[in-house]
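Asks: Residue numbers (the UniProt record's numbering), protein chains in the order written: chain F, 1 to 388; chain H, 1 to 388.
One should not assume that every hint holds.
[As the list claims (entries may be wrong)] Just so you have them, the derived chain F footprint on chain H, three or more residues with Cβ under 8 Å:
id	region
1	177 to 184
2	217 to 230
3	237 to 243
4	318 to 330
[To be verified] Lysine to any residue pairs mimicking SDA-like chemistry, simulated, CA-CA at most 20 Å apart:
id	chain 1	residue 1	chain 2	residue 2
5	F	Lys138	F	Gly26
6	F	Lys138	F	His28
7	F	Lys242	H	Asp299
8	F	Lys242	H	Ser333
9	H	Lys71	H	Glu367
10	H	Lys138	H	Gln13
11	F	Lys242	H	Gly306
12	F	Lys242	H	Trp328
13	H	Lys242	F	Gly306
14	H	Lys138	H	Gly26
15	H	Lys242	F	Ser333
16	H	Lys71	H	Leu56
17	H	Lys138	H	Cys25
18	F	Lys71	F	Arg281
19	H	Lys242	F	Ile146
20	H	Lys242	F	Asp299
21	F	Lys242	H	Glu305
22	F	Lys242	H	Ala302
Since the hints were made in silico from the structure, they are not lab data.
Glycine residues also receive a C-beta, built at the ideal position from the N, C-alpha and C atoms.
Protein chains: 2
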Amino acid sequence: MDQTVSASYLSHQHVAFPDGLMLECGFHLAPVEVAYRTYGTLSPRRDNAILICHALTGDQYVAEPHPLTGKPGWWSRLVGPGLPIDTDRFFVICINVLGGCMGSTGPRSPRPCPDGRCEPWGTDFPPITIRDMVQAQKLLIDHMGITRLFAVLGGSMGGMQVLEWAAAFPEMVFAAIPIATAPFHSAQNIAFNEVSRQAIFADPQWYGGRYWEHDAIPARGLAVARMMAHITYLSEEALNRKFGRRVRSAPQGTEANPGSLFGEMFEVESYLRHQGSTFVRRFDANSYLTITRAMDYFDIGAEYEGDLSRPFRGTHTRFCIVSFSSDWLFPTSQARLLARALNRVAANVSFVEIDSDKGHDAFLLDEPDLDRTIRGFVAGAAEYARIA
Amino acid sequence: MDQTVSASYLSHQHVAFPDGLMLECGFHLAPVEVAYRTYGTLSPRRDNAILICHALTGDQYVAEPHPLTGKPGWWSRLVGPGLPIDTDRFFVICINVLGGCMGSTGPRSPRPCPDGRCEPWGTDFPPITIRDMVQAQKLLIDHMGITRLFAVLGGSMGGMQVLEWAAAFPEMVFAAIPIATAPFHSAQNIAFNEVSRQAIFADPQWYGGRYWEHDAIPARGLAVARMMAHITYLSEEALNRKFGRRVRSAPQGTEANPGSLFGEMFEVESYLRHQGSTFVRRFDANSYLTITRAMDYFDIGAEYEGDLSRPFRGTHTRFCIVSFSSDWLFPTSQARLLARALNRVAANVSFVEIDSDKGHDAFLLDEPDLDRTIRGFVAGAAEYARIA
Numbered sequence: 001m002d003q004t005v006s007a008s009y010l011s012h013q014h015v016a017f018p019d020g021l022m023l024e025c026g027f028h029l030a031p032v033e034v035a036y037r038t039y040g041t042l043s044p045r046r047d048n049a050i051l052i053c054h055a056l057t058g059d060q061y062v063a064e065p066h067p068l069t070g071k072p073g074w075w076s077r078l079v080g081p082g083l084p085i086d087t088d089r090f091f092v093i094c095i096n097v098l099g100g101c102m103g104s105t106g107p108r109s110p111r112p113c114p115d116g117r118c119e120p121w122g123t124d125f126p127p128i129t130i131r132d133m134v135q136a137q138k139l140l141i142d143h144m145g146i147t148r149l150f151a152v153l154g155g156s157m158g159g160m161q162v163l164e165w166a167a168a169f170p171e172m173v174f175a176a177i178p179i180a181t182a183p184f185h186s187a188q189n190i191a192f193n194e195v196s197r198q199a200i201f202a203d204p205q206w207y208g209g210r211y212w213e214h215d216a217i218p219a220r221g222l223a224v225a226r227m228m229a230h231i232t233y234l235s236e237e238a239l240n241r242k243f244g245r246r247v248r249s250a251p252q253g254t255e256a257n258p259g260s261l262f263g264e265m266f267e268v269e270s271y272l273r274h275q276g277s278t279f280v281r282r283f284d285a286n287s288y289l290t291i292t293r294a295m296d297y298f299d300i301g302a303e304y305e306g307d308l309s310r311p312f313r314g315t316h317t318r319f320c321i322v323s324f325s326s327d328w329l330f331p332t333s334q335a336r337l338l339a340r341a342l343n344r345v346a347a348n349v350s351f352v353e354i355d356s357d358k359g360h361d362a363f364l365l366d367e368p369d370l371d372r373t374i375r376g377f378v379a380g381a382a383e384y385a386r387i388a
Numbered sequence: 001m002d003q004t005v006s007a008s009y010l011s012h013q014h015v016a017f018p019d020g021l022m023l024e025c026g027f028h029l030a031p032v033e034v035a036y037r038t039y040g041t042l043s044p045r046r047d048n049a050i051l052i053c054h055a056l057t058g059d060q061y062v063a064e065p066h067p068l069t070g071k072p073g074w075w076s077r078l079v080g081p082g083l084p085i086d087t088d089r090f091f092v093i094c095i096n097v098l099g100g101c102m103g104s105t106g107p108r109s110p111r112p113c114p115d116g117r118c119e120p121w122g123t124d125f126p127p128i129t130i131r132d133m134v135q136a137q138k139l140l141i142d143h144m145g146i147t148r149l150f151a152v153l154g155g156s157m158g159g160m161q162v163l164e165w166a167a168a169f170p171e172m173v174f175a176a177i178p179i180a181t182a183p184f185h186s187a188q189n190i191a192f193n194e195v196s197r198q199a200i201f202a203d204p205q206w207y208g209g210r211y212w213e214h215d216a217i218p219a220r221g222l223a224v225a226r227m228m229a230h231i232t233y234l235s236e237e238a239l240n241r242k243f244g245r246r247v248r249s250a251p252q253g254t255e256a257n258p259g260s261l262f263g264e265m266f267e268v269e270s271y272l273r274h275q276g277s278t279f280v281r282r283f284d285a286n287s288y289l290t291i292t293r294a295m296d297y298f299d300i301g302a303e304y305e306g307d308l309s310r311p312f313r314g315t316h317t318r319f320c321i322v323s324f325s326s327d328w329l330f331p332t333s334q335a336r337l338l339a340r341a342l343n344r345v346a347a348n349v350s351f352v353e354i355d356s357d358k359g360h361d362a363f364l365l366d367e368p369d370l371d372r373t374i375r376g377f378v379a380g381a382a383e384y385a386r387i388a
């Protein structure tokens with residue numbers, strides 16, 4: 001597996017910025033490549049752009065089949081002609097985050113070196129933050145000649161980027177829809193991320209992060225990380241409904257099932273193993289480490305001694321905050337903290353808690369209330385913005 | 001590390017049963033050794049015995065320092081002279097579960113073989129169930145000449161054993177206190193256990209379960225399992241209160257911290273790593289696999305098509321069910337299922353939900369309401385039982 005160059009399928013939409021970026025850690029990262037996908041047409045006035053920010057393991061393929069897995073775009077239910085985010089009307093942009101592994105600069109990208117023998121950054125890739133991700137996105141938005149985004153939206157880590165956009169570039173964000181997210185990453189979420197990282201480090205194929213030298217990937221560790229994370233994306237109710245205590249035959253002749261009674265395994269085990277094994281084929285372990293760290297560092301009030309209002313003082317952005325009742329990873333209580341912080345600076349805020357038993361993943365699943373909420377808010381905001 | 005023989009410190013209280021046990025899976029396990037600790041004195045009428053059942057990673061050292069870690073007994077707050085479980089009055093027994101690694105027969109025990117060259121069972125140890133654990137405990141209780149236990153109590157997996165005792169030997173259980181437990185293991189809990197197991201399998205030192213042959217233990221995988229489980233034992237509130245987003249200096253010169261910003265790590269990360277690394281020194285990986293499987297199989301209504309009442313029909317046992325408000329691993333909703341099932345067969349049931357932000361671990365921590373509940377119920381039940 002050649003991980004030293006970007007695969008050709010990733011080259012269809014990307015821009016290289018040779019001057020790169022000064023990162024929050026003080027490191028000057030250059031060059032910076034930004035891979036993205038767009039849908040719809042930018043209006044002559046360039047006022048109809050919607051930026052969609054993806055989550056930890058998402059990518060820019062929001063409304064088209066994934067080039068590696070062939071699966072439909074992760075929000076193809078919401079983004080397209082006539083859909084709540086209507087590509088007949090809006091110009092939709094989705095950008096692979098800095099630190100990612102689908103074409104934007106990240107740990108798998110070649111590290112510039114004087115003698116021309118390029119190898120990947122690997123674990124030497126500098127620590128990045130949500131702010132760095134947003135700064136990289138802004139390079140592309142500026143490059144496109146867009147001075148104001150009509151809307152920025154995203155779920156989970158995507159929602160963190162939405163908040164960072166609204167705080168860092170308030171004049172550039174007309175409307176913001178942070179979904180299933182929080183104004184800072186909680187101790188519990190940091191804890192889960194840390195276990196993910198330790199699972200990757202524990203893999204014999206990790207090789208101190210230089211696994212490409214051994215033509216290997218830390219697949220088992222990454223799968224364990226994904227399996228655990230996947231549980232946190234669901235809810236007890238959803239797991240009971242989908243799997244309960246149903247059993248199925250266990251695969252024979254494998255070490256992975258010792259101690260199984262009657263050669264059976266629970267369906268939920270089989271499901272999780274499948275989730276783990278398919279994930280490692282499309283995601284880079286060093287990217288997983290880099291991005292989970294970025295999430296952990298996220299705290300929109302960090303510069304203001306934890307005051308969550310100050311970053312939004314004087315904002316004219318219209319906010320629509322969405323949470324899901326059964327989401328225990330980014331619970332409604334955290335969305336409420338955000339709503340109250342915005343209220344304290346008299347921001348224009350709607351706050352919708354959607355009743356769902358699907359857990360955190362509800363933002364990615366068939367949840368008609370979410371579709372209706374986004375359609376209504378986008379349509380209303382477009383009227384105020386006087387978008388044709 | 002010689003794992004083929006029980007260490008001598010484990011030999012101070014144990015009984016060998018050469019005829020062993022017929023396990024639920026149909027395997028005849030023999031011999032069976034039962035390691036235990038007792039506190040207080042058995043009355044001449046043998047009517048003052050209290051059996052305490054331990055949880056997944058607990059053991060028989062309930063009220064005295066642990067021989068490996070030197071830490072106080074896991075319930076020394078509750079068990080002792082003048083304490084809620086008063087050893088001046090009661091004869092307290094705590095037994096290492098079948099499948100454990102502190103002296104009772106388990107995967108680390110020598111497997112009988114015709115040619116006398118003993119090696120540990122390892123992953124060939126038969127799958128066991130909570131019922132098997134209780135049957136092994138009953139061997140010892142019979143051996144002690146005790147025909148009725150005044151009380152059986154325990155938290156988490158200990159609570160599962162309490163329910164199994166009350167269902168299998170109702171005439172032997174005067175009072176039962178299942179704490180922070182459930183009548184069956186939920187899909188979410190099975191899912192977490194499965195990730196634990198996969199983390200162990202992914203460790204290069206696992207060697208297909210025959211790690212003793214390599215003088216190794218799958219320490220990193222077991223630590224990952226423990227770290228993840230530990231998160232589930234706490235609550236979001238407890239983690240926020242204990243750690244929040246506080247940071248500390250990260251250890252230098254280790255691969256375990258790439259991508260750290262400013263050389264810092266979150267305190268919750270440091271705490272979890274400590275939890276993981278201390279655990280592996282005292283617990284056997286194959287025992288962890290065996291016991292988590294036993295928990296997954298637990299469903300007190302399995303033989304009655306999920307009817308949770310039937311196992312308790314006609315019971316005279318007095319039940320005191322305890323749950324904790326912030327326990328999301330064994331939530332109050334599951335305790336309530338149990339209480340309703342017992343109500344349907346007109347059992348004598350108290351049900352107490354204790355308000356606590358400490359999560360599942362509350363049953364092991366300083367929780368005065370739990371102490372009061374147990375003291376009150378035990379004292380009241382002792383009056384009915386006419387214990388001197």
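Asks: Are any of the numbered hints broken by this structure? If so, which, sorted upward?
Replies: Violated: hints 1, 4 and 19.
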